[in-house]
Amino acid sequence: SSTTTTTTTKMNNHDPSIRSSIRDDTSSLSSIDIKQNDSQMTLPSPTTSTHNIPAPSPPAPTIKLLFSFLTPRRKLVLLAPAIASSVVAGGIAPFMTYVIGQSFNAFAAFPLTPNPPQSAKDELLHGVGLAALQLVALGLGALLMSSVTSSLWIWTGEYNVVELRKRVYEAVVYKEMEWFDRRMGSEDPANVQDTSGEGAPIGAGGLMAKFARETDEVRAASSLAAGQLIQYLTTTLTALILAFTWSPLLTLVILSALPFLILIQGFSQAFASPRLAHERSLTARAASIVTRVVSTIAGVKASNAASYEHTLLSRVPIAVPALPKIWGITSGTSQFVSMAMFVQGFWFGAHLVREGKNQPGDIMSVFWACLIATSNLQMAVPLMVVLAKGKAAAAELVSLISSSASASSNKKIRDLRRITPRTFTGDFTLSNLSFSYPTRPSVPVLRDVDMYLPARETTFIVGPSGCGKSTLGSLLLSQYTPPAGTLLLDEQD
1 SSTTTTTTTK
11 MNNHDPSIRS
21 SIRDDTSSLS
31 SIDIKQNDSQ
41 MTLPSPTTST
51 HNIPAPSPPA
61 PTIKLLFSFL
71 TPRRKLVLLA
81 PAIASSVVAG
91 GIAPFMTYVI
101 GQSFNAFAAF
111 PLTPNPPQSA
121 KDELLHGVGL
131 AALQLVALGL
141 GALLMSSVTS
151 SLWIWTGEYN
161 VVELRKRVYE
171 AVVYKEMEWF
181 DRRMGSEDPA
191 NVQDTSGEGA
201 PIGAGGLMAK
211 FARETDEVRA
221 ASSLAAGQLI
231 QYLTTTLTAL
241 ILAFTWSPLL
251 TLVILSALPF
261 LILIQGFSQA
271 FASPRLAHER
281 SLTARAASIV
291 TRVVSTIAGV
301 KASNAASYEH
311 TLLSRVPIAV
321 PALPKIWGIT
331 SGTSQFVSMA
341 MFVQGFWFGA
351 HLVREGKNQP
361 GDIMSVFWAC
371 LIATSNLQMA
381 VPLMVVLAKG
391 KAAAAELVSL
401 ISSSASASSN
411 KKIRDLRRIT
421 PRTFTGDFTL
431 SNLSFSYPTR
441 PSVPVLRDVD
451 MYLPARETTF
461 IVGPSGCGKS
471 TLGSLLLSQY
481 TPPAGTLLLD
491 EQD
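Counting in UniProt numbering, the sequence shown runs from 1 upward without gaps.
Don't read these hints as lab results, they were simulated from the structure. Hints are not guaranteed to be accurate.
Label pairs and their in silico Cβ distance ranges [unchecked claim]:
# : residue 1 : residue 2 : range
1 : Phe267    : Ser478    : 49 to 59 angstroms
2 : Thr296    : Gly466    : 40 to 50 angstroms
3 : Leu143    : Val300    : 41 to 51 angstroms
4 : Thr71     : Leu488    : 10 to 20 angstroms
5 : Thr62     : Ser431    : 44 to 54 angstroms
6 : Leu489    : Phe460    : 39 to 49 angstroms
7 : Ile329    : Gln479    : 45 to 55 angstroms
8 : Pro81     : Leu143    : 49 to 59 angstroms
9 : Ile329    : Ile154    : 25 to 35 angstroms
Below, simulated DSSO-like cross-link-like pairs (lysine-lysine); rule was C-alpha separation at most 27 angstroms, straight line [claimed, not checked]:
#  : residue 1 : residue 2
10 : Lys175    : Lys357
11 : Lys75     : Lys64
12 : Lys75     : Lys166
13 : Lys166    : Lys64
Please read all numbers here as calculations on a predicted model, not as lab measurements. Backbone N, C-alpha and C define an ideal beta-carbon position, used for all residues, glycine too.
Could you build the full structure based on these sequences and the hints that come with them?
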């Protein structure tokens with residue numbers, strides 16, 4: 001017959017003493033002493049546990065890291081054709097400048113006499129008509145390639161972010177309970193309750209806001225933004241090559257301010273990147289506070305804690321005014337330099353035509369090629385910001401993935417043959433078991449606990465609130481690993 005066992009447990013957080021008594025149906029009484037040392041005991045530091053692996057530093061944000069979530073097959077089928085289509089689409093626009101130059105040469109060759117010959121009229125009509133047909137063909141090609149490029153890059157971005165979401169989910173699932181107790185990432189237990197400090201954890205709400213924002217940034221950077229950036233840079237490079245081919249001197253005069261643009265963008269990226277990462281962390285902490293308050297708004301109102309929560313939120317400097325100032329100054333300066341450098345181009349081009357070194361069509365071709373190059377370079381600047389955000393977001397998410405102690409690798413795990421024991425009774429034996437929660441390592445919850453839970457018997461663990469009953473249940477479920485002592489199931493660790 002089954003036996004009902006009552007185990008009376010008396011424990012407290014500092015100096016617990018536990019005694020369990022077992023009474024069967026025949027009213028026979030036996031007792032099991034749970035011996036504990038009353039002297040002060042120092043538990044091993046949680047940092048020495050094999051399950052508390054320090055989080056690695058975030059990887060460097062690179063283009064390779066941004067597209068590292070794609071499988072090799074999708075890189076070959078989607079990413080490679082997308083890059084090729086962007087290069088082809090970017091090379092169409094510069095050749096339009098050649099067509100415009102030829103049409104200008106046709107107009108310049110037309111005589112200015114009151115009665116031009118019919119041959120001159122026919123030649124002008126032929127030159128302009130041919131240029132019009134070429135522009136129509138290039139326009140249709142640009143439309144077709146833009147559609148193909150957009151489709152390929154959208155597919156690439158969606159597949160990339162889907163794989164990233166899966167990896168983040170798997171990494172969070174494999175996290176230890178200590179990570180959740182520390183509110184998703186605090187290394188210092190003293191900072192767990194502080195949500196406004198510099199090293200404060202972000203919490204569940206902040207983690208969700210951070211995950212949603214950073215995955216969207218990865219999607220935007222690895223989708224159309226990457227394709228358009230390649231297309232604009234290809235257009236810029238091709239236009240510059242054609243311009244230098246037609247008139248190197250005029251091209252150098254027009255693009256004499258280009259080094260200043262490069263320096264401006266370089267300083268902008270250098271100053272904006274660290275501030276951007278700081279802004280992301282502040283936004284995550286603010287989102288954590290807001291989510292917690294909204295989810296427990298009834299308790300906040302009942303406790304008159306609105307002013308306290310408002311003060312707590314005000315400690316987080318959400319606005320980072322330096323970042324928009326940097327981007328505003330960079331954008332305005334770049335626009336001014338780009339537009340101002342064409343004044344000297346027109347003056348020097350007229351000088352070359354008067355000296356007979358270049359034809360008017362060549363001057364117009366060089367001018368439009370430089371204009372296309374600079375305009376595409378300007379359009380590429382905001383995309384560089386999007387790409388920088390995406391790379392930084394990918395690095396943050398990869399650091400979250402790699403910080404998991406049990407994170408799965410890309411290699412397939414070979415299934416092992418199951419080991420089935422010959423006998424299984426189901427009794428638990430606790431010997432010198434000690435435990436403290438990661439958030440309060442200096443306060444032991446269990447100290448040198450000895451306990452035996454027999455199999456096939458109903459055992460009740462009774463005690464006041466805070467004595468450690470739930471802690472024992474968590475340890476029996478292997479949610480935590482005790483730093484000291486042993487927990488045996490059928491005499492197996």
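Outcome of the hint check:
Look at Phe267 against Ser478: about 53 angstroms separates their beta carbons, and that is inside 49 to 59 angstroms. A hinted range of 40 to 50 angstroms for the beta carbons of Thr296 and Gly466 is inconsistent with their spacing of about 22 angstroms. At about 56 angstroms, the CB distance of Leu143 to Val300 disagrees with the hint of 41 to 51 angstroms. The hinted window of 10 to 20 angstroms between Thr71 and Leu488 is violated, with their beta carbons roughly 44 angstroms apart.
At roughly 51 angstroms, the beta-carbon separation of Thr62 and Ser431 lies within the given 44 to 54 angstroms, and the hint holds. For the pair Leu489 and Phe460, the beta carbons lie near 20 angstroms from each other, so the given range of 39 to 49 angstroms is not met. Range check, Ile329 to Gln479: about 53 angstroms between beta-carbon atoms, so the 45 to 55 angstroms window is met. In this structure the hint that Pro81 and Leu143 lie 49 to 59 angstroms apart at CB is violated, the actual value being about 18 angstroms.
Ile329 and Ile154 have their C-beta atoms about 33 angstroms apart, which keeps the hinted 25 to 35 angstroms range intact. For a cut-off of 27 angstroms, the pair hint linking Lys175 to Lys357 is broken: about 72 angstroms separates their Cα positions. As the CA atoms of Lys75 and Lys64 are separated by approximately 12 angstroms, the hinted pair is consistent with the 27 angstroms bound. Our distance criterion of 27 angstroms between C-alpha atoms is met by Lys75 and Lys166, whose separation comes to about 18 angstroms.
Pair hint Lys166 plus Lys64 holds up; C-alpha atoms about 19 angstroms apart against a cutoff of 27 angstroms.
The structure fails hints 2, 3, 4, 6, 8, 10 (numbered hints given earlier, in ascending order).
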